[in-house]
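Enquirer: Please build the complete structure, drawing on both the sequences and the hints.
In the order they appear, the protein sequences are chains X and Z.
Under my numbering, read the first sequence as residues 1 to 142, first letter to last.
Under my numbering, read the second sequence as residues 143 to 295, first letter to last.
None of these hints come from the bench; they were simulated from the model.
In this text, all values refer to a predicted model and were calculated from it rather than measured experimentally.
Cβ coordinates follow ideal geometry from the N, Cα and C atoms, glycine included.
Any given hint could turn out to be false.
Examples of chain Z residues toward chain X, derived with CB under 10 Å [said to hold, decoys possible]:
no.: 1; residue: L160
no.: 2; residue: G241
no.: 3; residue: F262
no.: 4; residue: V263
no.: 5; residue: G281
If you anchor each label on the Cβ, the simulated ranges turn out as follows [said to hold, decoys possible]:
no.: 6; chain 1: X; residue 1: S8; chain 2: Z; residue 2: A272; range: 44 to 52 Å
no.: 7; chain 1: Z; residue 1: A216; chain 2: X; residue 2: F43; range: 32 to 40 Å
no.: 8; chain 1: X; residue 1: T126; chain 2: Z; residue 2: V268; range: 20 to 28 Å
no.: 9; chain 1: Z; residue 1: S285; chain 2: X; residue 2: E74; range: 44 to 52 Å
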Amino acid sequence: MEHFTPISSLIGGGLIGLSAVMLMLLSGRIAGISGITSGLLSFTWTPDSAWRLAFVVGLIGAPVGLAIAGVKPEISFVTSLPIMAIAGLIVGFGTVLGGGCTSGHGVCGIARLSPRSIIATVVFMTFGVATVFIVRHLLAGG
Amino acid sequence: MKRIVAGLFAGAVFGAGLSISGLINPAKVDAFLDIAGDWDPSLAFVMLGAVIVTAVGYRLVWRRGSPLLEQAFALPTRRDIDPNLLVGAALFGIGWGLGGVCPGPGLAGLGFGATETLAFVAAMIVGMFAARQFGDFLGRLKSGAGPTVTSSQ
Numbered sequence: 001m002e003h004f005t006p007i008s009s010l011i012g013g014g015l016i017g018l019s020a021v022m023l024m025l026l027s028g029r030i031a032g033i034s035g036i037t038s039g040l041l042s043f044t045w046t047p048d049s050a051w052r053l054a055f056v057v058g059l060i061g062a063p064v065g066l067a068i069a070g071v072k073p074e075i076s077f078v079t080s081l082p083i084m085a086i087a088g089l090i091v092g093f094g095t096v097l098g099g100g101c102t103s104g105h106g107v108c109g110i111a112r113l114s115p116r117s118i119i120a121t122v123v124f125m126t127f128g129v130a131t132v133f134i135v136r137h138l139l140a141g142g
Numbered sequence: 143m144k145r146i147v148a149g150l151f152a153g154a155v156f157g158a159g160l161s162i163s164g165l166i167n168p169a170k171v172d173a174f175l176d177i178a179g180d181w182d183p184s185l186a187f188v189m190l191g192a193v194i195v196t197a198v199g200y201r202l203v204w205r206r207g208s209p210l211l212e213q214a215f216a217l218p219t220r221r222d223i224d225p226n227l228l229v230g231a232a233l234f235g236i237g238w239g240l241g242g243v244c245p246g247p248g249l250a251g252l253g254f255g256a257t258e259t260l261a262f263v264a265a266m267i268v269g270m271f272a273a274r275q276f277g278d279f280l281g282r283l284k285s286g287a288g289p290t291v292t293s294s295q
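Expert: So this is what it looks like as structure tokens:
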């Protein structure tokens, strides 16, 4: 546990919560990243398209802005390029089919005490842990 | 215009949170999910901080009766646990475990230009699009207006 970072993780989590609350206060919307992103894939301009696009621009821009200001995140990959593409495909399909991801179900949904989101979060956490166990300990033989 | 600024600002705060919390780092996510290895529980603190602030903040906001820039709150109303929810969440968990990346951190990391991130996000968009088409297809089957797949078997 040499990389245990409870304080920065708690602060970062608080910012994610703050963003969700801001979006609810201003626009009355759930801050679900998969919903916001997949909502842009209908190829028709809807009343929600502009703010969704702006949200994604802010999401991509802020970490770069922070890095320029000196707060650069560590980004280390744990798998190969082909596996990353497969992972992306499954994540994209699964989050749209299941109606949410870590943010929509895991944060906003749990905060609303939505039964669907609580179940979804338990399921994706369980499958995430099981997948890492299989890849890291069974397949890798470690 | 106000809605666009609100979206931009909320997205930026979200992105800052992902960066500062460490969720943007696939190795950190991997260490959180690897409970049988050198387990790093940091990301539980991300969830904790985010859920507490959201749970309290939402309830304060909902007292207003309506948001500042729209007529009404747009909240999900479904409460049923259907197969799509379970299969979708399971698939998402598998993909999350494989790459250590979920949709938010994937997008938030794009600006650093790593090929792995670009591949993940490009494939994620394809997967999302496929799921939307699949959802439309299922919807047509249920309403009976779609292609008569069953009779051709």
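Enquirer: Each of the hints needs a verdict: does it hold here or not?
Expert: Against the structure, the hints come out as follows:
For L160(Z), the shortest C-beta to C-beta distance to chain X is roughly 7 Å, which falls under 10 Å, so the interface hint holds. For G241(Z), the shortest C-beta to C-beta distance to chain X is roughly 3 Å, which falls under 10 Å, so the interface hint holds. The interface hint given for F262(Z) holds, since its Cβ lies 4 Å from the closest Cβ of chain X, which is under the 10 Å cut-off. Because the smallest distance between the Cβ of V263(Z) and any Cβ of chain X comes to about 6 Å, under 10 Å, the interface hint for this residue holds.
The beta carbon of G281(Z) is not positioned within 10 Å of any beta carbon in chain X (closest approach about 13 Å), and the interface hint is therefore violated. For S8(X) paired with A272(Z), a C-beta distance near 36 Å fails the hint of 44 to 52 Å. Checking the proposed 32 to 40 Å range against A216(Z) and F43(X) shows it is violated: the Cβ atoms sit about 21 Å from each other. For the hinted restraint 20 to 28 Å between T126(X) and V268(Z), the CB-CB distance of approximately 26 Å keeps it satisfied.
The hinted window of 44 to 52 Å between S285(Z) and E74(X) holds, with their beta carbons roughly 49 Å apart.
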